[in-house]
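Number of protein chains: 2
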Amino acid sequence: MKIALAQINTLIGHFEYNVNKIVAYIQKAKKQGADILVFPELCLCGYPPRDFLEFQPFIKKCTESIEDIRKYCNDIAVIIGAPSPNTEKLGKRLYNSAYFIADNKIQSVIHKSLLPDYDVFDEYRYFEPGKEHHVITYKNKRIALTICEDLWNLNTSFYIKNPMDALITQKPDCIINIAASPFSYDQNQARLDVLFNNAKKYGIPLFYCNHSGSQTELIFDGGSAVVNSQGILVDQMEFFSENIKSYELDTIEDVKKAFQAVTEKYDLINQALICGIRNYFDKLNFKKAILGLSGGIDSALALVLSVQALGKENVHCLLMPSLYSSEHSVKDAIQLANNVGVTYDIIEISELFHTYCHLLKPYFKELPFDISEENLQSRIRGMLLMAFCNKFSYILINTSNKSELAVGYGTLYGDMAGGLSVIGDLYKIEVYGLSQYINRNKEIIPENIIAKEPSAELKPDQKDSDSLPPYPVLDTILFHYIEERKTAEEIIAKGFDKSMIIKVMRMVNTNEYKRYQAAPVLRVSQKAFGYGRRMPIVANFDF
Amino acid sequence: MKIALAQINTLIGHFEYNVNKIVAYIQKAKKQGADILVFPELCLCGYPPRDFLEFQPFIKKCTESIEDIRKYCNDIAVIIGAPSPNTEKLGKRLYNSAYFIADNKIQSVIHKSLLPDYDVFDEYRYFEPGKEHHVITYKNKRIALTICEDLWNLNTSFYIKNPMDALITQKPDCIINIAASPFSYDQNQARLDVLFNNAKKYGIPLFYCNHSGSQTELIFDGGSAVVNSQGILVDQMEFFSENIKSYELDTIEDVKKAFQAVTEKYDLINQALICGIRNYFDKLNFKKAILGLSGGIDSALALVLSVQALGKENVHCLLMPSLYSSEHSVKDAIQLANNVGVTYDIIEISELFHTYCHLLKPYFKELPFDISEENLQSRIRGMLLMAFCNKFSYILINTSNKSELAVGYGTLYGDMAGGLSVIGDLYKIEVYGLSQYINRNKEIIPENIIAKEPSAELKPDQKDSDSLPPYPVLDTILFHYIEERKTAEEIIAKGFDKSMIIKVMRMVNTNEYKRYQAAPVLRVSQKAFGYGRRMPIVANFDF
Chain E
1114 MKIALAQINT LIGHFEYNVN KIVAYIQKAK KQGADILVFP ELCLCGYPPR DFLEFQPFIK
1174 KCTESIEDIR KYCNDIAVII GAPSPNTEKL GKRLYNSAYF IADNKIQSVI HKSLLPDYDV
1234 FDEYRYFEPG KEHHVITYKN KRIALTICED LWNLNTSFYI KNPMDALITQ KPDCIINIAA
1294 SPFSYDQNQA RLDVLFNNAK KYGIPLFYCN HSGSQTELIF DGGSAVVNSQ GILVDQMEFF
1354 SENIKSYELD TIEDVKKAFQ AVTEKYDLIN QALICGIRNY FDKLNFKKAI LGLSGGIDSA
1414 LALVLSVQAL GKENVHCLLM PSLYSSEHSV KDAIQLANNV GVTYDIIEIS ELFHTYCHLL
1474 KPYFKELPFD ISEENLQSRI RGMLLMAFCN KFSYILINTS NKSELAVGYG TLYGDMAGGL
1534 SVIGDLYKIE VYGLSQYINR NKEIIPENII AKEPSAELKP DQKDSDSLPP YPVLDTILFH
1594 YIEERKTAEE IIAKGFDKSM IIKVMRMVNT NEYKRYQAAP VLRVSQKAFG YGRRMPIVAN
1654 FDF
Chain G
1114 MKIALAQINT LIGHFEYNVN KIVAYIQKAK KQGADILVFP ELCLCGYPPR DFLEFQPFIK
1174 KCTESIEDIR KYCNDIAVII GAPSPNTEKL GKRLYNSAYF IADNKIQSVI HKSLLPDYDV
1234 FDEYRYFEPG KEHHVITYKN KRIALTICED LWNLNTSFYI KNPMDALITQ KPDCIINIAA
1294 SPFSYDQNQA RLDVLFNNAK KYGIPLFYCN HSGSQTELIF DGGSAVVNSQ GILVDQMEFF
1354 SENIKSYELD TIEDVKKAFQ AVTEKYDLIN QALICGIRNY FDKLNFKKAI LGLSGGIDSA
1414 LALVLSVQAL GKENVHCLLM PSLYSSEHSV KDAIQLANNV GVTYDIIEIS ELFHTYCHLL
1474 KPYFKELPFD ISEENLQSRI RGMLLMAFCN KFSYILINTS NKSELAVGYG TLYGDMAGGL
1534 SVIGDLYKIE VYGLSQYINR NKEIIPENII AKEPSAELKP DQKDSDSLPP YPVLDTILFH
1594 YIEERKTAEE IIAKGFDKSM IIKVMRMVNT NEYKRYQAAP VLRVSQKAFG YGRRMPIVAN
1654 FDF
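Taken in sequence, the protein lines are chains E and G.
The first sequence begins at 1114 in this note's numbering and counts up by one.
The second sequence begins at 1114 in this note's numbering and counts up by one.
One chain only, chain E, in its complex shape (with noise of 0.2 Å):
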């Protein structure tokens, strides 16, 4: 029995566009002579689909969507992940199925019984859980069939049951799959251990079959795997592209040597991010980016991978000086310009400040320079840039780090300003680390960005370090705090100050009204501002 995985990279609702590639990957499974093909989980509309579900045309196109498919599922059978109808007359309307398609007949439709419902996943908003547990039988091989999360209760306590524990009973030949499990730094090595666990403890080999690409602010990392009854990883396929591989069921159990899976964090951050800003590019039917370049080492990093995923002749950047840039700003911006080969343009600042100040004069009189004059500046940058992005099509990078984004430390309609947050999901710390990465074999983010002092240089002489905390310092009590849920005290162990982190933990709670209005964050950890974190604006609650 040879098993094929296809990890696609579906459009949500292009479901032509879909339905075409599902078919062609049929025909590849067929010349690989594979006897089941798996795609991934909810990959017929798209993953997640989110409130499309409520609409009854996408529901109807999804059922038709089916029936084309199941036109070419001749000689071979395949397992396709997509919403089916609940037809009882209780519980929510929807289920997340798995259609098992053979002979040119739905054969089964398995739906998914654990639904998860935290982080970035809303699945019970829309979908009945599963009940009901049943392998499916072909070509006298009884397999397991489960749905992503329905493998993921084995060392968790969160859900009150293991879909397996049924299915285990009925003596399956082998797991299958199917998932839409979103990439963060370390999820490979979580997944992997679910699969290796859940193998080893129902002591039968398991076909997992993920998405690949993203989709606007989630990142499919693909990696679909194959681990033996041993738990040993025989086989995983390519990060963040599609593919298709076939394996032979009756051998699999004869790998001894486990296949060794690039585990990288800066490789791999690096990797998503281009697949999340191509992607997002792409589904847009969108060419070009531009962005601002500072000369600092987030618009730095952010204008590299801009050029790693749409190529260095789709990238232009304005670099736009005020009176309070330093000089190595301009220059440094101007070096890596060069060394990456985008074109710029340098457009100073200082007279439309200068014209807005003087506007502004008769209201703000005598009062002292503050952040209405810094914010200024940042603004005018962002509205020179959306004025780049209205006339010639671009879309707008934003370049904002996690450090910022938690403390506050940008300017709504400034710096905050663009299509696609690219490095939002990376604390300042995070960012020296991929930008060294980036180096690692050429210089191409000059030296000299990486080591002075970072800066928002929007008055004389600032430095970051004037009102935050070093940056190793906060990012490691943000990364207590909005990573792992850590309490004041837990952190105060740790050997901080208690003042700090309540100073900390005080700026990340009232700039929810920033973050709110934010670009949306490619989701590389696993807890990135945006969907996944849902706090109240209006709120006033002390660690």
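Don't take every hint at face value.
Each pair may be met inside one copy or between any two copies, as identical chains are not told apart.
[Unchecked claim] For lysine to aspartate or glutamate, the following EDC-like pairs were computed, each having C-alpha atoms within a straight-line distance of at most 16 Å: (1) Lys1173 to Glu1129; (2) Lys1173 to Asp1655; (3) Lys1474 to Glu1464; (4) Lys1254 to Asp1148; (5) Lys1616 to Glu1366; (6) Lys1274 to Glu1603; (7) Lys1474 to Glu1461; (8) Lys1218 to Glu1245; (9) Lys1504 to Asp1232; (10) Lys1358 to Asp1148; (11) Lys1244 to Glu1366; (12) Lys1565 to Asp1579.
Hints were generated in silico from the structure; no laboratory data involved.
Using the hints, position chain G against chain E.
Positioned in the frame of chain E, the structure of chain G alone reads:
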């Protein structure tokens, strides 16, 4: 048996404030001679607490606060909504609970069974559903204690059970329901119908206690109610304000004449928006609002609402005419400002606009005037307003309406800027409706503002109708699509042109990226943009 309902307004996470308020209401209830005092769902921590529920110190504070309150629960029983830990080994770690406290002791903790997970609700994200159903006995009365959604499955099939079906077998004397049910202009009738149907079906009286006050975008309208077993509305408490009122259980069956609740759409919306604006400012500890007055109806209405909520002394306006502003715009805006008695400044933006155009000339060359130049003007205005906010601690009131937000007829970082969108859940025709309601006794909004044809005034002789269908048509299509989730076919059947429907739906879908960065919208309908409507940005679905 005297039952008191306290529809209080708490602050999310501010346990000291909330406990003090709860204790004060316990004293009031004692003075009223109440046997039982009922508080709303999750009022101890504030609703919705969102991801604060994932933080241990937050949960600990809930438990400690219950202990504080317990000490005051002598000579009175208190029912109060709060999260409670799930002590079972399996399932989510919290319940959404009602504590029943009497004789200074927690007598029972009842868990919500039906967890809403649609529109603005995410309760399954945090809570395990309650599975057991026991009536509470106090002073020889048996009480079926339920939490909000627990009563809402009577004529629907969304959940697979009705908790009341189990509770009624234990022969309760009455139902008490604690709620956090957000306002929409048609919610009160739906809510009363639910109460009537439950009271009649189970043949016992019903006491319903709802939150009052707003939490960011969600407005809770109070309107706590008592219904007798014949389904007669015995009383309904005030909308949008805190209060406490006691009812004698044994006499409410004698009531034959139903209380008449106010349900005039624009009256309710007006009160709701005042409540929403006032609470947003109060709870964030801000006093002063600013907004840009264009002379059009949207900013006119937003101004009046702001003044109603905050007082004329706390609202300041900027009039920012450009070379494309018509003469009547400034005149009408000044008349409005004088009518409502607010201060204003007039700042001409032509010089700034020309400075931008001049600076961009080397890059834009001879390319025609287009959306870039239109947006520049809108963004200049946004920047000036934000500069005032930064300098003088105003919050910028956003003036976008729901029709504009729907089709993307607004400028990101320009007129879409602001801390709170106050009319973002009103279609343009509803903006007119509410304006006329506001003018019902006296011309507050100058008639000319209501009568003139809508225009963004960003280029010569521009009219909204140049790029949009007439608003009565547009808004009807939008309502069918957004609120009712109707298909294109269904809307065509109502007599609209197919190509126009497709065009409108496509505009809605492709402008998701703008709404993602919009200010939080005060919710007054069943389907507002923001938290309750979750659509992918990158998608491609044609209805």
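Hints the structure violates: just list their numbers, smallest first.
-> Hints 5, 6, 8, 9, 11 are the ones this structure does not satisfy, whereas the remaining hints hold.
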